[in-house]
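Trainee: What follows is each chain in one-letter form.
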Amino acid sequence: MKNPEKHYEYAITADALSKHFGDFTAVDRITFNVRRGEIFGFLGANGAGKTTAMRMLCGLSKPSSGEATVAGYDVAAQPEDIKRNIGYMSQKFSLYEDLTVTENIRFFAGIYGLSDAAIREKSASLLRHLQLEAEKNKLVQSLPLGWKQKLAFSIAIIHEPKIVFLDEPTGGVDPLTRREFWEMIYTSARQGTTIFVTTHYMDEAEYCHRVSIMVDGRIAALDTPAALKKHFGAASMNEVFLQLARQATRQAD
Amino acid sequence: MKAITAENIRKSYKNGKETVEALRSVSFSVDRGELFGCIGPDGAGKTTLFRILVTLLLADEGRATVDGFEVVKEYPEIRRRVGYMPGRFSLYQDLSVQENLEFYATIFRTSVKENYHLIKDIYVQLEPFASRPAGKLSGGMKQKLALCCALIHKPTVLFLDEPTTGVDAVSRKEFWEMLKRLKQQGISILVSTPYMDEASLCDRIAMMHDGQFLKTDSPQNITRNFQQPLFAVKSGDMFELLHRLKKMEGIQNAYPFGEYHHAVMKSGMDTEAYLREHLAESPDLEILPVRADIEDCFIHEMQKH
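Heads up: the sequence lines are chains G and R, in that order.
Mapping the first sequence onto the working numbering, position 157 (from 1) lands on 157, and the numbers just tick up by one.
Take any residue in the second sequence, note its place counting from 1, add 253, and you have its number in the working numbering.
You may find that some hints are simply not true.
[As the list claims (entries may be wrong)] In silico contact screen, one side only, chain G against chain R (beta carbon under 10 Å); selected entries:
| hint | residue |
| --- | --- |
| 1 | Ala227 |
| 2 | Ala245 |
| 3 | Thr249 |
[What the hints assert, rightly or not] Derived DSBU-like pairs (lysine-lysine); straight-line CA-CA distance at most 35 Å:
| hint | chain 1 | residue 1 | chain 2 | residue 2 |
| --- | --- | --- | --- | --- |
| 4 | R | Lys557 | G | Lys138 |
| 5 | R | Lys487 | G | Lys230 |
| 6 | G | Lys92 | R | Lys270 |
| 7 | G | Lys92 | R | Lys468 |
| 8 | R | Lys389 | G | Lys92 |
| 9 | R | Lys500 | G | Lys229 |
| 10 | R | Lys270 | R | Lys255 |
| 11 | R | Lys255 | G | Lys122 |
| 12 | G | Lys162 | R | Lys499 |
| 13 | G | Lys230 | R | Lys499 |
| 14 | R | Lys255 | R | Lys436 |
| 15 | R | Lys366 | G | Lys229 |
| 16 | R | Lys499 | G | Lys92 |
| 17 | G | Lys122 | R | Lys519 |
| 18 | R | Lys407 | R | Lys255 |
| 19 | R | Lys519 | G | Lys229 |
| 20 | R | Lys499 | R | Lys468 |
| 21 | R | Lys557 | G | Lys230 |
| 22 | R | Lys407 | G | Lys136 |
| 23 | R | Lys255 | G | Lys229 |
| 24 | R | Lys426 | G | Lys92 |
| 25 | R | Lys500 | R | Lys426 |
| 26 | G | Lys162 | R | Lys366 |
| 27 | R | Lys270 | G | Lys138 |
| 28 | G | Lys122 | R | Lys366 |
| 29 | R | Lys500 | G | Lys230 |
| 30 | G | Lys162 | R | Lys500 |
| 31 | G | Lys229 | R | Lys433 |
| 32 | R | Lys436 | R | Lys519 |
| 33 | G | Lys92 | R | Lys267 |
| 34 | R | Lys433 | R | Lys407 |
| 35 | G | Lys122 | R | Lys433 |
| 36 | R | Lys499 | G | Lys136 |
| 37 | G | Lys122 | G | Lys62 |
| 38 | G | Lys122 | R | Lys267 |
| 39 | G | Lys92 | R | Lys373 |
These aren't lab readings, by the way, just hints derived from the structure by calculation.
We put the beta carbon where it would ideally sit given N, CA and C, even for glycine.
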């Protein structure tokens, strides 16, 4: 580790991180740091490079150039250490629909190497917190989407990762459950987990401590929601987003 | 004649041993030339309703008509007349943009040329990619092509099932501008969306949850009829503030709302002074009386049911 001080303060660091596919530069020298316990919103229009950047940070894709660390590990050299130390959930993939609630918990906890005793204890507290005790033997596919997503988040942090990556976790979820979900995010951040989250709901950008907005592979803006609105003379984060995203020159995806 | 009528539509599914009621007695109608929105989360029953109306699924109970034709007995007439864009991309991935469009035109015994005026605004953006396989288009472009294919036979009623889901804010805005232009050409449109902020772009909406229409009206009337006093509250510690608000007796409901929290007051508790008194310890307190928007109304109706 080149700079241990920096890694104590920051959960994620990225320094000129880039990814090229042939002639195409999907991610273009992005530089930013995410503090420990911070809720960091990672926004951008479709095709701006969010997914590619996120894949590199999760250790799933090697950077073409530049550097990044997650939980103190280098994304290029130590991807396996990163995978053990992060949690991940997305709208598209989160749980196995044809396993029961309990089976999903046991499966993911087992994959992350929790002991049987720890799994039992974690399952019980998780089911209690989510008030899912009556549903624990039901197949996940029979649960309403909002419950699924709350369960998926709880499972994504079951191994107490330092950082959790959430890729559009609340898409299609009703407004009440969406808010309950964010309360879970807040609670988790208060306990020291770093949250890295993407969303298409601009009101959710307001719930983040800081927000970055990607345009054409670059980070076009990064600050607190209040500072961004002030800087762009905008009344809402939606306006900030539209002003920036309209500058995009490249085609989506 | 109405573009769409539905009376007491019911539909349930078997899911293993359980019966899921996807639609529990839904009734509504859409006027000719109207842009009507079904607003609700995933699992509300929007897709089931759409599939019944476009004659791909039979209701368990109830009656429905589209363009004056009955959905069960006269389904061939309906199929000739409606345009349907399903939530899931359903064009031929290995046909090019142009081939897909020609295919749909031919199926409906028309040509791209004949109705080109309807799709022109949208199709010009796709033309540079005319020979690209549909499967290789970006999300926004796929959505535009699907809309063109749903329009090419000049439908009288257009059904768009979650056309903007997963689409970013810029493309969503463009899409709604396209819908407005189609409406001006006299096409009746039924559109569904999980995004509450799109409600204001419809003539009328139905707020849909758990297989039911919670409320049907113009978005303006729905927000105007929100009775409870409502305040936006902000402080230096939003997490602590929310917990405090939730515990206050005079508050019926409190939830995050973008930059602020919204506090829905119980009747007779509409004073800012009450809030100020109980929140005196919160740092940098800011309190503003606000008007409800669709999302406030949706949360309110959800809790009533």
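Trainee: Next, verify each hint and record whether it holds.
Mentor: Against the structure, the hints:
no.	hint	verdict
1	Ala227	12 Å, violated
2	Ala245	5 Å, holds
3	Thr249	13 Å, violated
4	Lys557/R / Lys138/G	27 Å, holds
5	Lys487/R / Lys230/G	17 Å, holds
6	Lys92/G / Lys270/R	26 Å, holds
7	Lys92/G / Lys468/R	30 Å, holds
8	Lys389/R / Lys92/G	20 Å, holds
9	Lys500/R / Lys229/G	31 Å, holds
10	Lys270/R / Lys255/R	39 Å, violated
11	Lys255/R / Lys122/G	56 Å, violated
12	Lys162/G / Lys499/R	29 Å, holds
13	Lys230/G / Lys499/R	30 Å, holds
14	Lys255/R / Lys436/R	15 Å, holds
15	Lys366/R / Lys229/G	47 Å, violated
16	Lys499/R / Lys92/G	32 Å, holds
17	Lys122/G / Lys519/R	38 Å, violated
18	Lys407/R / Lys255/R	18 Å, holds
19	Lys519/R / Lys229/G	33 Å, holds
20	Lys499/R / Lys468/R	26 Å, holds
21	Lys557/R / Lys230/G	38 Å, violated
22	Lys407/R / Lys136/G	50 Å, violated
23	Lys255/R / Lys229/G	45 Å, violated
24	Lys426/R / Lys92/G	24 Å, holds
25	Lys500/R / Lys426/R	39 Å, violated
26	Lys162/G / Lys366/R	58 Å, violated
27	Lys270/R / Lys138/G	11 Å, holds
28	Lys122/G / Lys366/R	63 Å, violated
29	Lys500/R / Lys230/G	33 Å, holds
30	Lys162/G / Lys500/R	31 Å, holds
31	Lys229/G / Lys433/R	29 Å, holds
32	Lys436/R / Lys519/R	41 Å, violated
33	Lys92/G / Lys267/R	24 Å, holds
34	Lys433/R / Lys407/R	16 Å, holds
35	Lys122/G / Lys433/R	51 Å, violated
36	Lys499/R / Lys136/G	29 Å, holds
37	Lys122/G / Lys62/G	34 Å, holds
38	Lys122/G / Lys267/R	32 Å, holds
39	Lys92/G / Lys373/R	34 Å, holds
In this structure, the hints that do not hold are numbers 1, 3, 10, 11, 15, 17, 21, 22, 23, 25, 26, 28, 32, 35, in rising order.
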